[in-house]
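Given next are the chains, with one letter for each unit.
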Amino acid sequence: MAEAGDVKTLEQRVRIIEDRLEIYNLIASHPPSADTGASDYTASVWTEDSVFDRGAEFARPTGRTAIAAGSSSLEHHRAIEQGIAHFAGLPYVKISGDTAFAITYLQILVPDRVGPLFDVPNHGSSRGFHVHRVSANRWDFARTMEGWKITRRTLRPLDGSAPAREILRGALEP
Amino acid sequence: MAEAGDVKTLEQRVRIIEDRLEIYNLIASHPPSADTGASDYTASVWTEDSVFDRGAEFARPTGRTAIAAGSSSLEHHRAIEQGIAHFAGLPYVKISGDTAFAITYLQILVPDRVGPLFDVPNHGSSRGFHVHRVSANRWDFARTMEGWKITRRTLRPLDGSAPAREILRGALEP
Amino acid sequence: MAEAGDVKTLEQRVRIIEDRLEIYNLIASHPPSADTGASDYTASVWTEDSVFDRGAEFARPTGRTAIAAGSSSLEHHRAIEQGIAHFAGLPYVKISGDTAFAITYLQILVPDRVGPLFDVPNHGSSRGFHVHRVSANRWDFARTMEGWKITRRTLRPLDGSAPAREILRGALEP
Numbered sequence: 001m002a003e004a005g006d007v008k009t010l011e012q013r014v015r016i017i018e019d020r021l022e023i024y025n026l027i028a029s030h031p032p033s034a035d036t037g038a039s040d041y042t043a044s045v046w047t048e049d050s051v052f053d054r055g056a057e058f059a060r061p062t063g064r065t066a067i068a069a070g071s072s073s074l075e076h077h078r079a080i081e082q083g084i085a086h087f088a089g090l091p092y093v094k095i096s097g098d099t100a101f102a103i104t105y106l107q108i109l110v111p112d113r114v115g116p117l118f119d120v121p122n123h124g125s126s127r128g129f130h131v132h133r134v135s136a137n138r139w140d141f142a143r144t145m146e147g148w149k150i151t152r153r154t155l156r157p158l159d160g161s162a163p164a165r166e167i168l169r170g171a172l173e174p
Numbered sequence: 001m002a003e004a005g006d007v008k009t010l011e012q013r014v015r016i017i018e019d020r021l022e023i024y025n026l027i028a029s030h031p032p033s034a035d036t037g038a039s040d041y042t043a044s045v046w047t048e049d050s051v052f053d054r055g056a057e058f059a060r061p062t063g064r065t066a067i068a069a070g071s072s073s074l075e076h077h078r079a080i081e082q083g084i085a086h087f088a089g090l091p092y093v094k095i096s097g098d099t100a101f102a103i104t105y106l107q108i109l110v111p112d113r114v115g116p117l118f119d120v121p122n123h124g125s126s127r128g129f130h131v132h133r134v135s136a137n138r139w140d141f142a143r144t145m146e147g148w149k150i151t152r153r154t155l156r157p158l159d160g161s162a163p164a165r166e167i168l169r170g171a172l173e174p
Numbered sequence: 001m002a003e004a005g006d007v008k009t010l011e012q013r014v015r016i017i018e019d020r021l022e023i024y025n026l027i028a029s030h031p032p033s034a035d036t037g038a039s040d041y042t043a044s045v046w047t048e049d050s051v052f053d054r055g056a057e058f059a060r061p062t063g064r065t066a067i068a069a070g071s072s073s074l075e076h077h078r079a080i081e082q083g084i085a086h087f088a089g090l091p092y093v094k095i096s097g098d099t100a101f102a103i104t105y106l107q108i109l110v111p112d113r114v115g116p117l118f119d120v121p122n123h124g125s126s127r128g129f130h131v132h133r134v135s136a137n138r139w140d141f142a143r144t145m146e147g148w149k150i151t152r153r154t155l156r157p158l159d160g161s162a163p164a165r166e167i168l169r170g171a172l173e174p
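Residue numbers (the numbering used here), protein chains in the order written: chain A, 1 to 174; chain B, 1 to 174; chain C, 1 to 174.
Identical copies go unnamed one by one, so any copy, or any two together, can satisfy a pair.
Straight-line alpha carbon distances no greater than 27 Å define the calculated DSS-like cross-link-like pairs of lysine-lysine that follow:
#1 Lys8 to Lys94
#2 Lys8 to Lys149
#3 Lys94 to Lys149
Honestly, the hints are just simulated from the structure, not real lab data.
The shape of chain A in the complex, shown without the other chains (with noise of 0.2 Å):
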């Protein structure tokens, strides 16, 4: 929605919906990029000194090289080969000039080893997936020449305690 005094050209106009399908498909590519460990294709997609903070749980890594080692590493590769889905809902996204910012909500999935198999009708057989997390996510993000990076990102649990709901209020603004 246009505001007062904020009259923009159509070439503008466009602009921002360019950033914003831009800004879509760099969340799409995220689990993707998780989930078969593209460390080259993560350090693309970050700045220089970007930071990835995942709460005091975890390692927080500072700048594109240390990220992406986060792909790389055998333990990460250990989950691949077990078997892991990150899934990522519909974000919410807000352009700003130069920068832009996103709230998301997360899953990870990890396909069950052991129990009975469960078939549906022309669905196949399975043990499931259970859900082993859910996360509030805030993506940061600025143009630069080679299109919009990921300047930060900050995840926390949804597990009921209250850093995931500060991030998820992001999303509430007028």
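Take the given structure of chain A and dock chains B and C to it, following the hints.
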């Protein structure tokens, strides 16, 4: 896809795209508002005479004040303290001038409080979450002087009963 | 992001955006069509010579008539009666002129029929749902005189096996 006899100016086409993206953000803000109990926000995105219909199992509030009261109730805040995550999938959205509707899927997940902790390499330890409900949702919207607002939301559980399927068929219009 | 030497008119840029949003709706309509067994709709969104490849575990129908027949089969309707929800995450979408592709994650959830009822304050009572399958999907699209249609869809389970990861890498193209 443009329909026969329906020639739009570039400005009109951009306006429809902006409408679509504004509605995406409106749908994306629903889980954050529900999971934080943001009743002021909720009151701001429904119209005066709106209806929130969750089926016979629940109360059926009418009007933004009554709908927002659901978010500030003691019972709702008990759910938030225990941990709750609304999780929205990709919506189907159709704009028709100054009205629009969307068909969406929504999960409600809650953290498990009992049972063993489960480790996933590089992804921490958790008792996991379980999916409490999955629903089919129809949202009706109207353009107002303050942007797009919700005029009606109807949801039904995807538990094999017919009413949810009736809602979903709205996404299959030609 | 515009590439060097790739100067587009505003109309062309708006057209690409409209393409993108049309494809979002096409992907968003898949769960409603699957969960209602809407074979007429299904026949209308695939091309004549399209292929639906769900892996060696399932039949591999070719052509819109055969693909739509899957939605009207007795077995599929048995799944619908028992309760089934396809749930689509945020897609990665790339348009290239008159073709396009998308990489998506899809969950299949089914309501639990046994076990205790579980209450969540203000969110009713339920036995819950379990996640039967999570898959990586590649969709190929073509522009036709009747809008964008699906030419091929390939899906593989995200159970730790390699083929799903091969699909996901399609979302990491530069």
